[in-house]
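*Asks:* One letter stands for each residue in the lines below.
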Amino acid sequence: MMKNGVAVADLGVVRGGVEVLRGLTFEVGPGEVTGLLGPSGCGKSTLMRAIVGVQRITRGSVTIFGEAAGARALRHRIGYVTQAPSVYDDLTVAENLTFFAAVLGGPRTRIDDCLALVDLGAQRDRVVGRLSGGQRSRVSLAVALLGEPELVVLDEPTVGLDPVLRRDLWETFHRLAEAGAAVFVSSHVMDEATRCDRLLLMREGRIIADSSPDELLEKTGAADVETAFLSLVEES
Amino acid sequence: MSLRITLAVAARVLTQLRRDHRTLAMLLVLPCLVIALLWWMFTDLPGRGFDALAPALLALIPFIVMFLVTSVTTLRERTSGTLERLLAMPLGKGDFLLGYALAFGLVAAAQSALAVTVATVFLDLSLEGPVWMLLVVAVLDAILGSALGLFVSAFARTEFQAVQFMPALVFPQILLCGLFVDRDLLPSFLDGVSRALPLTYAVDAMSSVADHAHPSIAADLLVIVAFTAAALVLGALTLRRQTD
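Residue numbers (the working numbering), protein chains in the order written: chain L, 63 to 298; chain P, 101 to 344.
Just chain P, same shape as in the assembly:
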């Protein structure tokens, strides 16, 4: 592995994104609009529905977006022959994976910073914990999404197939993460399943930051990082230097 190559991969991915103005605009603006829509839905209602749901949404958005973006981008690398070319060069698989993680982590940081600013400054999201913690969770979440997207791209032959993995892998996590039904109230089997899914811990961490002045999210973050590492290792296994 080499820092030079990792940084070159990250810089290249960012340059490609910069070229694609529409994708860039959607990456940065869309999360803000979704948060604003959520706020609007609750404006005429009593209670603090927005405060309860917004942190979860801030965890979900970077995960979903980066999952999609990475699975399609790496699928393109696989089908266009650029990945094969890179693997025939002195490029470590780790350079490739970390380069992507770094680039999309940065994008996620910008994306979440905007969304969090909109939520806390303009939409009065009441937050007990520090804002920077929300950002840390969002970035780790995005990298997790990237790592998973990279892994599943190995099982898709077309971009159509790659996009279909989103509902397959992400929807169950959204349903079970505690957003719709409190996890304590789920049937015990489903509660068990939810504990085995990474997004549960991301939403958990976000809610802790929203509800506690001194949130302890280290355990949640550790689980997210562990899932990310596992997905990256699995992703590395799908990068084959020799194919049929």
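If we strip away everything but chain L, and leave its shape as in the complex, we get:
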């Protein structure tokens, strides 16, 4: 079992009588950006929730840094960004970060660092509800980075962002990984796959491929990840 990474074993989640996750097994080590790709509705968000420890699981196990997901000791060590930005719309950017920093107990200087990471320094005194959708999700991302987490779980963090910013954010994810964090990013945009060190392709609650982007293209003989995904689906 990996002491410094994520280990998922035979994970199953049944919600409302529907099998959302159907026995997933994989490991994610530190220092890597792992992309979780698949069409919307395939169970990506549920898997991310299970890793963070907020999803009740039906069978199997999720182990983070040697502890069961959701354990008290892990709450300092995980940064989680949901698809819809979970921040207070009626507070300013800085007020949001100050509040969450107080909950985490980190130093206040970290607030400016995180604002710089997501390029929101100029918006720090604006009320979040008045920001654009992309800016709002960046506030949510900044909050997740406050605690200098060792595991970063990001559910579709780049939706609706302009290409320059998207590139910058992927660079940020890689910097976090280089600093030793395990970074887990989901996306339904297949062309983001090439930015990951490792890919997990998901469909209907199962993982249909687990490899590096290059290996995936080589194995399927496809020119891009979208085509590779299609050929894997047709194979099965």
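Be aware that a few hints might be false.
Unchecked claim - Derived DEER-like restraints, expressed as beta-carbon distance ranges:
id	chain 1	residue 1	chain 2	residue 2	range
1	P	L337	L	R170	30 to 36 Å
2	P	A326	L	G222	47 to 53 Å
3	L	D253	P	T343	31 to 37 Å
Keep in mind the hints are simulated off the structure, nothing from the lab. Glycine is no exception: its CB is placed at the ideal position from the N, C-alpha and C atoms.
Please build the complex by placing chain P on the supplied structure of chain L, with the hints as guidance.
*Replies:* Relative to the frame of chain L, chain P by itself:
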């Protein structure tokens, strides 16, 4: 639990309120206007109708207002994902609950201080007991309302539903608390019911302060505090770190 986090939650809730000028104005001004309206209704009548009803109203207002405000605010925390985010962080459920209680307790103190000032200074409410006791009852009442609002917000999926809990939970208490029919004159079953409802004790305490120079309200306050604690414990049970 941590004092730092509790205070951070309270400060954050107060900042949110401060941003919302209209809500803040309504919280502070509306109770004064309602008290003034009650006074006006009785100005041409003989007897001391205003003196009899105003203390009960001073108990009801903070309870109702804080019930509504808290149930809607916490429902928003539940639906916006901020609660889930907080519960995935090192935040104790008690920090969250007490932070809210503290913030709304402070607002209730300001609200009641204004309403009591208007009633006693401008509207000549005759009060036998000390004014500060009225305030203590009002604040405890408000915290009780907050605690109940927090609890019921777990059973509402939309703000529409949350608001509907007000008539369901609060109206029976208003009807049975002795304001409309003296509790001694109620059918014995309803008298029994009224004894099981927290607002009865709040109105009772307020009336004692209005009627007695040295009111003994400790027992009433104890019941209110006990109900508040029970509602907070139930509220804590509805804050789940893991959901489906």
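*Asks:* Now tell me if each hint is right for this structure.
*Replies:* Here is how each hint holds up against the structure:
{"no.": "1", "hint": "L337(P) with R170(L): 30 to 36 Å", "verdict": "holds, 34 Å"}
{"no.": "2", "hint": "A326(P) with G222(L): 47 to 53 Å", "verdict": "holds, 50 Å"}
{"no.": "3", "hint": "D253(L) with T343(P): 31 to 37 Å", "verdict": "holds, 33 Å"}
Hint check: no violations occur; every hint is consistent with the structure.
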